[in-house]
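Chains as they are written, first to last, in my numbering: chain V, 1 to 424; chain F, 1001 to 1338.
Bear in mind the hints are in silico, worked out from the structure with no lab data behind them. For every residue, glycine included, the Cβ atom is placed at its ideal position computed from N, Cα and C.
Straight line, CA to CA, 30 Å or less: simulated BS3-like cross-link-like pairs of lysine-lysine:
{"#": "1", "chain 1": "V", "residue 1": "K421", "chain 2": "V", "residue 2": "K356"}
{"#": "2", "chain 1": "F", "residue 1": "K1094", "chain 2": "V", "residue 2": "K214"}
{"#": "3", "chain 1": "F", "residue 1": "K1094", "chain 2": "V", "residue 2": "K145"}
{"#": "4", "chain 1": "V", "residue 1": "K228", "chain 2": "F", "residue 2": "K1147"}
{"#": "5", "chain 1": "V", "residue 1": "K346", "chain 2": "F", "residue 2": "K1174"}
{"#": "6", "chain 1": "V", "residue 1": "K140", "chain 2": "F", "residue 2": "K1147"}
{"#": "7", "chain 1": "V", "residue 1": "K421", "chain 2": "V", "residue 2": "K358"}
{"#": "8", "chain 1": "F", "residue 1": "K1174", "chain 2": "V", "residue 2": "K145"}
{"#": "9", "chain 1": "F", "residue 1": "K1174", "chain 2": "V", "residue 2": "K101"}
{"#": "10", "chain 1": "V", "residue 1": "K173", "chain 2": "V", "residue 2": "K407"}
{"#": "11", "chain 1": "V", "residue 1": "K214", "chain 2": "F", "residue 2": "K1147"}
{"#": "12", "chain 1": "F", "residue 1": "K1094", "chain 2": "V", "residue 2": "K140"}
{"#": "13", "chain 1": "V", "residue 1": "K199", "chain 2": "V", "residue 2": "K407"}
{"#": "14", "chain 1": "F", "residue 1": "K1147", "chain 2": "V", "residue 2": "K407"}
Heads up, incomplete: computed chain V residues facing chain F, CB under 7 Å, no partners named:
{"#": "15", "residue": "S85"}
{"#": "16", "residue": "P86"}
{"#": "17", "residue": "K87"}
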Amino acid sequence: MNISRRTLMRGIGAAGLAAAAPGVFSPAIAQSKPVRIGILAPRSGAMGTVGECGVRAVQWAAERMNKDGGIAGRPIELVFEEETSPKDTIERFRRLALQEKVDCVQGLISTGVSLGVAPVAEEEQALLIMWDGTTQDGVKEAMPKSRYVFRSTDNECEAVIASLLAIKYFKGKIKRIAGINPDYSYGRNNWEAFQQILKRAGVEVEVVAEQWPKVGTMDLTSHVAALKAAKPDFIFSSMLFADLPVFMKQGSAAGLFEGVNLALPAAGWQINQLKKEFMPENIVFGHNTLYFALPNASPLQKAFVEDYMGRYKEAPHWEADRAYFALAAYKAGVEAAAKATGRWPKLNEIIESIPKQKVESLGGPGQFRADKIAEQTFYQGLSTNQNSYDFPTLKTVDSFTADQLQKPPGMDFWEWLKTSKLPV
Amino acid sequence: MSTPTSAPATVAPAVSPNIWRPSGLISFLVIIVAMAGLPLVASTYTLTLMVPFFGFAIALLGFNLLLGYTGLLSFGHAMFLGIGAYAAALMTSKLGVRSLELTLLVAVAAAVVIAVPVGFLCVRYTRIFFGMLTLAFGMLFHSILFKFYGLTGGDQGMRVMRPLLFGMEFEGGKTAFITGPFYYYALGLLTLLGYAMWRIVRSPFGLHLTAIRENAQKAAYLGVTVSRMRLAAYVISGVYGAIGGVILAVTIGLADPEIVYWTQSGNLVFMAVLGGSGAFAGPVVGGLAFVLLQDTVMSATQYWRFVMGAVLVLIVIFFPRGIAGLFGDAFARLKRGS
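This is chain F alone, in the form it adopts within the complex (with noise of 0.2 Å):
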């Protein structure tokens, strides 16, 4: 399928997908093959950033679920991160089960468990009055994870032991395992998961929620459950949040409760932003580019707080599409040209 690139941008608003989804899946596979070489070329510092990349890749394309095709923006959605993270501590350093495998399957159930009622409830809403229950109930469990000592290891979180990945035992340090089998393991998972959330957006399902981020009452007056439709895709993005968390987890060895701080939904938000939150891959882009960027500056000066919140604000206002949009307008150029 082929849809004209050249669509006026004043006309569609930064979230447009369908201006990209030729590419998206081409840009997607381009990172993972990408990253899937890295290892060749990098070094293992740079390994060790891209293992969170991983994580949080994940959980931005659940993220964009919400925000780029059902048009609803959480403040909150670190909340899964966590949920991910201390199902990771729980499983490994409490009860002693040590496959990644299990773990995963224990931090999607319980992101089931609590997106659904949580989802219930927020997604009666939209704009302001989401994101701001949203961020409600994430720092509503901040403060569990903060203020139930015993049961969370308080401010100074749970251990995350090292999980055997398929049942199996790798030797040598932490940094050859995250650089080594875990790095490919998580990729494999951002691939896999990657796909699958092609095929949800290019769904039914996925036209449905296109549909309510459009126009919602014209979407109800077509026959679509928008409520329904709403909670499907928040309780489809905590599953991915958590997953990425516990990738995050595990590069960390800790689940603490700065993981599900309100700055850390920032985070999510601003990679979105930064990689253009209309593109399928956009938020994958934007996430690599967060990372990358945040440990530049870090490293370059004290205030990279600064130079990170004025890189947010260049792009809001001057490349609303961030830098999907670049290249994709770059790469329209090019066709045009040719």
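The following block holds chain V by itself, in its conformation from the complex (with noise of 0.2 Å):
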């Protein structure tokens, strides 16, 4: 094929107009094509209702970094999948993969369904990034080598911060400590922590009940009763579905709450469902990696909160930000490829670059270890009913680190329990 000379000098003539517009030369200046994200969140059942507030964070983050170029130039496209039980969400996942070819897979909340969706993703060798699922076997790292699976968070990070701040504010108070905890791993893991982490602290005391609601359970009434006979001094309860407003209901109507602290280090997950009528003040109140009324929250934070309680009219909690992240650290890992390579990055690539980039998340900056496992700012407070809310925000809040609250890679989390430098 003949160039003329004409056709050579437009061509040369474009590209130098491309590259002096910002924003517009990019290595993905050839490829229109959307990048395809799948999303597999739960829409029903018990954690309905916190997969959907992950689906609008995620739907107003793919918004707001298309109208800034999608990634790398690329828009960006959700591709909807429900999260149920793990037979069906491995089944959804293969369906992403292999079927709507995803460029990624973000999502699931459940570590039980993780933990069967996971393995799956590494043998498909597709680029899987977690919300809030882990891949923890009880308190132990499943796949501590994983190549393609991006894992948030431990799931004892919020049960280690509220014993430390039970500790910081009622050390000397807790004597008689009763636990009421969701009958599965999760609960038993959080409730087990909060013991080592008095003992840890040289806090000592009886434990006076220990109840284990099955998960869903709308009739805490024979739990509330057993908690109150044994009059304990301190409640460690780290429910966190429908079932936490319930409890709190009930046990608000039976006294239950009365001369009693108490902590909730998940309650952030059903902030609008804990009334102030029958919350009492001065809970060690777990927000998780989002607290919405964060006083000195960042401008990506504030624009978030108002757009959502705007348009919602309801507060949004932590999984926004689980979601948030997934995305923005896939962007960044994507970006930061892309720009070093001077093309759309392979999948290795990019996967090489993700843990690399410190991202601005919703509540705050986060990161991948090098182990895939995410690190996140966290926030608890005591709470209080002063506001204009008709549910409780926090009167003070602490903020940590996850390098502060989850063990480091490879290591035994009861052991790091014994042995670590705790924040307080």
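Take each chain as given, in its own frame, and dock them per the hints.
Below, the structure is given as structure tokens:
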């Protein structure tokens, strides 16, 4: 084919214009094809509202990023599938990877489901960035050397911080402890972590009651009665589904919380349902990685919270942050790798790049470790009902980074609890 | 043997295997042949959906021995899927035994050991009482799996490692394994077990079951040992369920308590009704339709459960003999027309 001088000059001119225009010249200049991101999130059942918050956030994030050029010049397209049982979610994952041919799958909240999906992602060599899912078998990391699977912070982070704050605020007042925790590994490990940390801090306590309601139990009166009969002075509960508001309501009606202090490390998930009318004050209240009313919040968080609360008339919780973080980490990894290679990066290059990027997420800065486990910023504090909402906020905000709250790579969690330098 | 296909539907209830007997095996073989040729034309993803279908189809053949032929509706049959799944997990993850043949044997043995006492208690009752008892045992098993963390992994379940097929290790990723050698292995199992079930339902034992279903008292007068026959049917159906559970677990790579939850038992009932429990191949057709329908609806809308529920309602009201019944009627009309 002969190229005329005029055609050649026109081409050089076009290239020069493209190079001069900021934000236009990018390795993906020739690729208008969307980056397809598969989203696996629960849309119904006990985790339905939680998943919905994450879905809303990832939609907001994609919209915002697309206005700013998408990912390395390519627009983001989201493909949704539902997280349900491990079997069905694995099938949904395969659909996203094999049929929809997405570039990356993000989502997953349940660790039980994540444990099933993660090995499939490794075997399919498909990139998976989890929102809240881990690959912890109990507290033990089941996939310490995953290549394609990026996991959330450890499940026990919120229990560690709540335990530390319980000691900080109530040391000397904790003598008789009681636990009401969901009857699965998360609840059992959190309760054990609380007791271990008290022991480590030299707080001598008597365990007066342990209650293990099944997730989704909506009549907790017998559990409340058992706790009341045990006369605790401190109750620790890592309940986090729709049963938490039920417990608080029934406990309040029964007078369970009179003269009793509480720690609710995962209460933020149910923030909109925890109404002031049945919520005592001064609870160690966990917001995990997003406290919507953070006084010194970043402009990014403020913009998101304002938009979210205006649109949905409720406060966002940490699942929004997890969803945003996953997408932002992927974008940062792709763009850094694209910049380094001068083209759209290969999957391996993206995987190598992601852990090197520090990302500004909704709740604060975060980064994936080299072992592909997230490190983010956590918020908890003492609750107050003195605000303009119909649910509690925090009167004191304590923030910690995940490196202070989770075991380092390869270490046993219980051993780490015994030997680490805890921040409080 | 040829039986009239124009028997009025009002006389025969939803369960009337006699009508479909001549075509039952042929329909089943048509499905098997279609599945054998599917890898030549279908996408990899479609093939990954078919392997769980094979697992369900095996379990449904057993389930239908109870429902379609004996007239007993089990609401806790997913327990046997779980027995198979956890047997696979125990063998491959805990004991390091990766032979699938050995795993299948262990699953069958475990199913028999559990089905005999459970069945002994359940088959003394019929109708809703049998359904409730099987549901209770299913949920009891679910609670055991859920609560015994040290043994079963609790809510997080147990990993199922990739097994050896006839002692052979296969290279490549999991998808290549599932859609390649394991696909044909599972299909082969389905064929063998389908043929075995065909022989069972046409044997004197199968006729006894049909007689029990039609009128247990009359059957007893004729010398049929009703309880023993029902127990044998329950044990056989349990064995089929456990084998189906092994196939499912290998495909998923995980055995978790969800697989035995009552909703999974409900899915088995749904599949049987969808396909038509009165026909030999009906539940197999129902299993295939269920897997494809759920996949399509789940991707199309987040309200997929509503759609699936609506489909079930429509089938029960308008097509009580399921998809197989529809095809049977159409085939009968064609035959009359010619």
